[in-house]
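Based on these hints, arrange chain B on the given structure of chain A.
Quick mapping for you: the protein sequence lines, in order, are chains A and B.
The C-terminal residue of the first sequence carries number 589 in the working numbering, and the numbering is unbroken.
The C-terminal residue of the second sequence carries number 246 in the working numbering, and the numbering is unbroken.
Don't take every hint at face value.
Lysine-lysine pairs mimicking DSS-like chemistry, simulated, CA-CA at most 25 Å apart [what the hints assert, rightly or not]:
#	chain 1	residue 1	chain 2	residue 2
1	B	Lys171	A	Lys420
2	B	Lys151	A	Lys424
3	A	Lys576	A	Lys534
4	A	Lys329	A	Lys287
5	B	Lys212	A	Lys358
6	A	Lys424	A	Lys358
7	A	Lys534	A	Lys119
8	A	Lys534	A	Lys279
9	A	Lys172	A	Lys204
10	A	Lys6	A	Lys32
11	B	Lys206	A	Lys420
12	B	Lys234	B	Lys212
13	A	Lys119	A	Lys172
14	A	Lys279	A	Lys265
15	A	Lys334	A	Lys130
16	A	Lys130	A	Lys387
17	A	Lys491	B	Lys206
18	A	Lys491	B	Lys234
19	B	Lys226	A	Lys165
20	A	Lys204	B	Lys234
21	B	Lys234	A	Lys424
22	B	Lys226	A	Lys358
23	A	Lys491	A	Lys130
24	A	Lys424	B	Lys212
25	B	Lys234	A	Lys358
26	A	Lys71	A	Lys4
27	B	Lys233	B	Lys212
28	A	Lys158	A	Lys173
29	A	Lys204	B	Lys226
30	A	Lys6	A	Lys576
31	A	Lys424	B	Lys171
32	A	Lys204	B	Lys212
33	A	Lys424	B	Lys206
34	A	Lys358	B	Lys233
35	A	Lys329	A	Lys6
36	A	Lys420	B	Lys233
37	A	Lys265	A	Lys576
38	A	Lys358	A	Lys491
Keep in mind the hints are simulated off the structure, nothing from the lab.
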Amino acid sequence: MATKLKPVDIAIVGLGWAGGIVAKELAATGLKIVAFERGGPRATNPDFMAPQVHDELRYSRRHELIQNLRKETLTFRNDPSQLALPMRQLGSFLPGEGVGGAGTHWSGLHWRWTEWEHKMYSGTVAKHGKSIIPADMNLQDWPIDYHELEPYYDKFEKVCGTSGKAGNLQGKKIDGGNIFEAPRANEFPNPPLTQSHNMVLFEKAARNLGYHPFPVPASNASRPYVNPDGVALGQCHYCGFCTAYGCEANAKASPHFTVIPLAHKNPNFEARTNSYVMKVNLDSRRKRAVSVTYLDAGGREFEQPADLVILAAYVFGNVHLMLHSQIGKPFDFKRNSGVVGRSYAYQSMGGVAALFPKDTYFNPFMGSGALGTWIDDFNSDNPDFAKLGFIGGGGISSGSNSGAPIGRHPTAPGSPRWGKGWKKAVVETYHRMTAVGNQGSVMSYRQNYLDLDPTYTDSFGRPMLRLTFDWQENEFRQMEFARGICANIAKEMGAEQVLSRRDRGRYSIVPYQTTHNTGGTVFGDDPRTSALNKHLQSWDVSNVFVVGSSVFPQNAGRNPTGPVGALAYRLADTLKDQYLKRPERLVTV
Amino acid sequence: MTDENNAEPKTVNRRAWLKLLGAGAATGALPIGGAAAEGAMHHPAPKAASPADEPVPVYEFLNGDEAAFVEAAVDTLIPPDDVGPGALELGVAVFIDRQLNSGYGRGDRMYLQGPFIEGTPQQGYQLRMTPSELIRNGILDVNAHVRDQYKRTFDALGEADRVAVLTQLEKREIQLPTVPTAIFFNLLYDLTMQGYFADPLHGGNKGKASWKMIGFPGIGSMYADKIEAYRNKKYMSEPMSIQDLL
Chain A
1 MATKLKPVDI
11 AIVGLGWAGG
21 IVAKELAATG
31 LKIVAFERGG
41 PRATNPDFMA
51 PQVHDELRYS
61 RRHELIQNLR
71 KETLTFRNDP
81 SQLALPMRQL
91 GSFLPGEGVG
101 GAGTHWSGLH
111 WRWTEWEHKM
121 YSGTVAKHGK
131 SIIPADMNLQ
141 DWPIDYHELE
151 PYYDKFEKVC
161 GTSGKAGNLQ
171 GKKIDGGNIF
181 EAPRANEFPN
191 PPLTQSHNMV
201 LFEKAARNLG
211 YHPFPVPASN
221 ASRPYVNPDG
231 VALGQCHYCG
241 FCTAYGCEAN
251 AKASPHFTVI
261 PLAHKNPNFE
271 ARTNSYVMKV
281 NLDSRRKRAV
291 SVTYLDAGGR
301 EFEQPADLVI
311 LAAYVFGNVH
321 LMLHSQIGKP
331 FDFKRNSGVV
341 GRSYAYQSMG
351 GVAALFPKDT
361 YFNPFMGSGA
371 LGTWIDDFNS
381 DNPDFAKLGF
391 IGGGGISSGS
401 NSGAPIGRHP
411 TAPGSPRWGK
421 GWKKAVVETY
431 HRMTAVGNQG
441 SVMSYRQNYL
451 DLDPTYTDSF
461 GRPMLRLTFD
471 WQENEFRQME
481 FARGICANIA
491 KEMGAEQVLS
501 RRDRGRYSIV
511 PYQTTHNTGG
521 TVFGDDPRTS
531 ALNKHLQSWD
541 VSNVFVVGSS
551 VFPQNAGRNP
561 TGPVGALAYR
571 LADTLKDQYL
581 KRPERLVTV
Chain B
1 MTDENNAEPK
11 TVNRRAWLKL
21 LGAGAATGAL
31 PIGGAAAEGA
41 MHHPAPKAAS
51 PADEPVPVYE
61 FLNGDEAAFV
71 EAAVDTLIPP
81 DDVGPGALEL
91 GVAVFIDRQL
101 NSGYGRGDRM
111 YLQGPFIEGT
121 PQQGYQLRMT
131 PSELIRNGIL
141 DVNAHVRDQY
151 KRTFDALGEA
161 DRVAVLTQLE
171 KREIQLPTVP
181 TAIFFNLLYD
191 LTMQGYFADP
201 LHGGNKGKAS
211 WKMIGFPGIG
221 SMYADKIEAY
231 RNKKYMSEPM
241 SIQDLL
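In isolation and in its complexed conformation, chain A is listed as follows:
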């Protein structure tokens, strides 16, 4: 029997970037806010102190900062004809757990999405007509455009101390920045990071081939920086322990030392850690959320009444809570109707490895999570969709992120994997192997979706979320096209051998690919194809809002954190300026 607690004004589920930003912005209103985080408290001291945090086995292999599957996981199958089975070990993606969420262990690639990436449907139809869209593809616009989000993109970059170079400043194209980016009001708060050797080669090669290379926008601070909230970020050490690790220097922007401590300065804000929210409880008419039920670390059940509930968990958490709480109509694959669980998408990670001549030294251990040089010449809607036979694109880049040797001990093709000769192959290759990668967009399809599993339950007894996903022809074509471009660049860089594999295999949950999952609680203008309206408010239960990459209708060929942060800042404004003044449906149709 749940212990019923004293009511609060706002309950926030999840304390990563999305929940942390909303908490910080709303805490200033003086309203009583409780944020629930399924993991424990995290602070740079004591959790991310060097040298202990530079432990590849603990963080990169044993996943210290990642979701504990014993408590909660999902089931997976490639298509609806299969029986979904539980993800028993971590692999394909690594959702965060603990205060700061995945914001503690991200790499720091901090993008603004392009104008087209917010308007993929209308932008594509305007150029190519409706006939270019495959029948099973649920291509959909964001209900807001880039320009509406620009001030929030700007704000989030300044909070994170993003290092980069503008390529489109108020409409003026600037060589050396990303000339394909949407116009930005301001330059980045910090200059670009220092390039590694492979990045210098990539930049030169890309220019030789007529492309437009630029430094990846990195929330790894290139110099000591104090953000507009007065939070200090240290200078990045290029120590090579970034992705999967917390940063001891506070050089990698993370909610655990930026927005969340600021929320805590308000006595009306409280974070309850090690607290798993089980369900959002609705009133008898199912039109209003009245409370959330959660379990504390000891498994005791509590009911926390709240006037407003904000779901800011990872993609899977948001969708699972919506489905389990019966907020919004679940997506029905057979009828292609319903909205919650619809439009799940992912991202493809491809490209080529490149082996350079003997006595080349890339020093892969000197780097940071977001250190890279990139081209957008084949990303967004820059490729000719009609000619190439796919919709979408990919960012192509070369970076220097980690030389830690459990994960990185490459050998040349044909070398032994073990035994005699293996060590020689590793020693000969370690310093002269690099990669030119493609980060490909993934569209949404009727047959790729999330729903509740009929068989498996999590440790709390709830039906698990079921993931049904496979690569589609459109994405295979993008990957193959980009692989050709990557190979050409690698050759132009001076690679002795370009290692590339044509792979049209089914999506596998086993190897790590990327933690860029999207969709399931999409926002839009039409309640038949979106779970949320343009203000991220549930169409059905007006005091429930959802924020995170679960609201993206499909995925772009770049990282999701930039728009997640921007949407969280915009949501905070929507709540402060509109909803809290008149708590009702903000959009009527």
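Same frame as chain A, now just chain B:
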């Protein structure tokens, strides 16, 4: 390669580390004070024992038969040669023993509820065994097979036969009765690589020997002032491990 690239003594690195902590604290970038950093540095730094002082490994998890198997297996997967040390001499069998006895080995972050159904390769691991149960059962399976074929256990085989058995396991030419061959071989392989390359804190990679072998400078360095200077130049330093810096 120039001489100055070739040597960066440990003291310089350690000083650099302290300098960084101090600098960070001064700008408020690091959340710990200088005093805390000083205190941390006053702990006696444990020195890695030389191989001669090394006591006989005491296994926490593996029994005698299992330890003999793991020692022979890692010595076959990564044998010593003139390029670098073998996995056995670097403590990889001890590393594996410690891992199997840890929360990881006991499956504390895996989903292990039924029903257990064999899925597609894309659906991943679907057994009810934890990593330590899997290794334990796999060793029984392999030793049973080897006894059948060679009239002795795996560890008693000569080098060529050990290589032959591991190759057959890798290529799935042996069907193990309890544990799927590929899953057992891959787990043994992954654990061996992890032990060989992980920080010595975990019991393998003694003396940071694998890091020295490939030219990985360890976990204590900061490269903000080196990434440009060392473009396409060999960077060498005495690698630092976690315990070196505590």
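Each hint tested on the structure:
Annotation: proposed proximity of B:Lys171 to A:Lys420 holds, straight-line Cα distance about 17 Å (limit 25 Å). The suggested pairing of B:Lys151 with A:Lys424 is violated, with an alpha-carbon distance near 34 Å, which exceeds 25 Å. Distance hint between A:Lys576 and A:Lys534 is fulfilled; the C-alpha atoms sit about 16 Å from each other, no more than 25 Å. Among the hinted pairs, A:Lys329 with A:Lys287 is consistent with the structure: their alpha-carbon atoms are about 13 Å apart, no more than 25 Å.
For the proposed pair B:Lys212 and A:Lys358, the alpha carbon gap of about 19 Å is at most 25 Å, so the pair holds. Restraint check for A:Lys424 and A:Lys358: satisfied, since their Cα atoms lie roughly 13 Å apart, inside the 25 Å limit. Of the pairs offered as hints, the one joining A:Lys534 and A:Lys119 holds, with about 13 Å between alpha carbons and a cut-off of 25 Å not exceeded. The suggested pairing of A:Lys534 with A:Lys279 holds, with an alpha-carbon distance near 24 Å, which does not exceed 25 Å.
The straight-line distance between the Cα atoms of A:Lys172 and A:Lys204 is roughly 23 Å, inside the 25 Å bound, and the hint therefore holds. Pair hint A:Lys6 plus A:Lys32 holds up; C-alpha atoms about 11 Å apart against a cutoff of 25 Å. At most 25 Å may separate the alpha-carbon atoms for a hinted pair to count; B:Lys206 and A:Lys420 meet this at roughly 20 Å. Distance check on the hinted pair: B:Lys234 and B:Lys212 sit about 13 Å apart at the alpha-carbon level, within 25 Å; holds.
Annotation: proposed proximity of A:Lys119 to A:Lys172 holds, straight-line Cα distance about 22 Å (limit 25 Å). Among the hinted pairs, A:Lys279 with A:Lys265 is inconsistent with the structure: their alpha-carbon atoms are about 28 Å apart, more than 25 Å. Between A:Lys334 and A:Lys130, the direct Cα distance comes to roughly 23 Å. Compliance with the 25 Å bound is thereby established for this hinted pair. Between A:Lys130 and A:Lys387, the direct Cα distance comes to roughly 15 Å. Compliance with the 25 Å bound is thereby established for this hinted pair.
For the hint pairing A:Lys491 with B:Lys206, the CA-to-CA distance comes to about 39 Å; that exceeds 25 Å, so the pair is violated. Of the supplied pair hints, the one linking A:Lys491 and B:Lys234 holds, its CA atoms being roughly 23 Å apart against a limit of 25 Å. Distance check on the hinted pair: B:Lys226 and A:Lys165 sit about 22 Å apart at the alpha-carbon level, within 25 Å; holds. Among the hinted pairs, A:Lys204 with B:Lys234 is consistent with the structure: their alpha-carbon atoms are about 22 Å apart, no more than 25 Å.
A C-alpha spacing of about 18 Å is found between B:Lys234 and A:Lys424, which places the hinted pair at or below 25 Å, so the restraint holds. Taken as a hint, the B:Lys226 and A:Lys358 pair is honoured in the structure, with Cα atoms around 21 Å apart against an allowance of 25 Å. Taking the CA atoms of A:Lys491 and A:Lys130, the gap is near 38 Å; set against the 25 Å cutoff, the hint is violated. Using a Cα cut-off of 25 Å, the hinted pair A:Lys424 and B:Lys212 holds, with the two alpha carbons roughly 13 Å apart.
Only pairs whose Cα atoms come within 25 Å are accepted, and B:Lys234 paired with A:Lys358 is accepted, the gap being roughly 12 Å. Straight-line distance between C-alpha atoms of A:Lys71 and A:Lys4 comes to about 24 Å, which keeps the hinted pair within the 25 Å bound. For a cut-off of 25 Å, the pair hint linking B:Lys233 to B:Lys212 stands: about 17 Å separates their Cα positions. Restraint check: the Cα-Cα separation between A:Lys158 and A:Lys173 comes to about 21 Å, which is no more than 25 Å; the hinted pair holds.
Among the hinted pairs, A:Lys204 with B:Lys226 is consistent with the structure: their alpha-carbon atoms are about 21 Å apart, no more than 25 Å. For a cut-off of 25 Å, the pair hint linking A:Lys6 to A:Lys576 stands: about 23 Å separates their Cα positions. Our distance criterion of 25 Å between C-alpha atoms is met by A:Lys424 and B:Lys171, whose separation comes to about 22 Å. A hinted pair counts as satisfied when its Cα atoms are at most 25 Å apart, and A:Lys204 with B:Lys212 does not qualify at roughly 32 Å.
Simply put, A:Lys424 and B:Lys206 have alpha-carbon atoms about 19 Å apart, close enough for the 25 Å limit, and the pair holds. Pair hint A:Lys358 plus B:Lys233 holds up; C-alpha atoms about 12 Å apart against a cutoff of 25 Å. Distance hint between A:Lys329 and A:Lys6 is unfulfilled; the C-alpha atoms sit about 31 Å from each other, more than 25 Å. About 29 Å separates the Cα atoms of A:Lys420 and B:Lys233, which puts this hinted pair outside 25 Å; it is violated.
In summary, the hint linking A:Lys265 to A:Lys576 is supported, as the alpha carbons are separated by about 19 Å, within the 25 Å threshold. Distance restraint check for A:Lys358 and A:Lys491: the Cα-Cα separation of roughly 16 Å lies within the 25 Å cut-off, and the hinted pair is therefore satisfied.
Of the numbered hints given earlier, the model fails hints 2, 14, 17, 23, 32, 35 and 36; all others are met.
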